[in-house]
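Student: Hey, can you work out the whole structure from these sequences and the hints?
Heads up: the sequence shown is residues -25 to -1, 1 to 279, going by mature numbering (1 follows the signal peptide of the UniProt record, and there is no 0).
It is worth saying that the hints were derived from the structure and are not from the lab. Each residue gets a CB set at the ideal place from its N, CA and C atoms; glycine is no exception. It is possible that some hints are incorrect.
[As the list claims (entries may be wrong)] Label pairs and their in silico Cβ distance ranges:
1. N91 <-> K59: 20 to 26 Å
2. C139 <-> N91: 40 to 46 Å
3. C139 <-> P38: 39 to 45 Å
[Stated by the list, open to error] Derived DSS-like pairs (lysine-lysine); straight-line CA-CA distance at most 30 Å:
4. K96 <-> K133
5. K47 <-> K83
6. K83 <-> K96
7. K27 <-> K47
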Amino acid sequence: MDPIVVLVLLLPCLLLISLWRPTSGRRKLPPGPTPLPIIGNALQIDFKDVNKSLAELSKVYGPVFTLYLGMKPTVVLHGYEAVKEALVDNGEEFAGRDSIPIFERCNKGLGIAFSNGKTWKETRHFSLMSLRYLGMGKRSIEDRIQEEARCLVEELKKNNGSPCDPTFNLSSAVCNVINTIIFHNRYDYNDPCFLDLLQRLNEIFRILGSQWIQWQVLGHNRHHHLFLGAKVVTAVLWVTQWMWAWMAATLGHAQQALMSSTSVGAVDGVEQTPRRSRRATTVKMDKAASAPKEATDPAAEALV
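Tutor: Dropping the structure here:
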């Protein structure tokens, strides 16, 4: 049968299902704007300024209201009192997280940000224990932060007092503190491997701020490959795989340095990995990340 004929026959059924499901389920949910078939309340949200759209809807429907993002209902809490009642007064009941397909693919439901239930509690407990072991709240970690702060000041002095945008330097300092704690390694601000890492991080945040990714997150869309934003989704997956490969390679070098005790150089007791070895890490990361077949970087292409 012709696919177009099948689509024409299925469309009325989909419309009927989308009209029936919200009506049957809306009785148990807080009030909210009437959703349209299939797309829900997507037209009532400005994805360039979601906060403003939700604030305007809260003036009409109250601090707790329901939105349909696609065919899935989403309960919105707006304002301090509503959020406090849910997350503080009834924290246990609201401690869970919804499953967002694109993040499930990126992180397989692992990590503090994307795990849920027992896995999240165990990961959080392990992370806190590890951070305490690494010096959180102790003098040792304060010394590392102060050392990086001195490096940051020296970097800012290079501007000779002229106005500058400190975003890059501040991001580099924060990233270096994390690297020092986790991998026992500090990068120079002009290190090619370090600059590559910061570029990938910026790409992730810029992609996550796009309208298509917001639709993926807010609408919990499981069929992202059918939408025009599939290229953006592919870029997110590619950059995420690159980051996983970077962490695995960096951890491998840190373990080798610890076992062989042949690290080169030191800054107040912080071992330094040779620059050549760090650059080799970047090459391994690019090979390990399963990039699509296109010749261009999908992350860069999605940002155009």
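Student: So, for every hint listed, does it hold in this structure?
Tutor: Here is what the structure says about each hint:
1. N91 <-> K59: 20 to 26 Å: Since N91 and K59 have Cβ atoms about 22 Å apart, the given range 20 to 26 Å holds.
2. C139 <-> N91: 40 to 46 Å: holds (42 Å)
3. C139 <-> P38: 39 to 45 Å: Between C139 and P38, where Cβ atoms are some 42 Å apart, the hint holds.
4. K96 <-> K133: violated (45 Å)
5. K47 <-> K83: It holds: about 22 Å lies between the C-alpha atoms, which stays within 30 Å.
6. K83 <-> K96: holds (16 Å)
7. K27 <-> K47: holds (21 Å)
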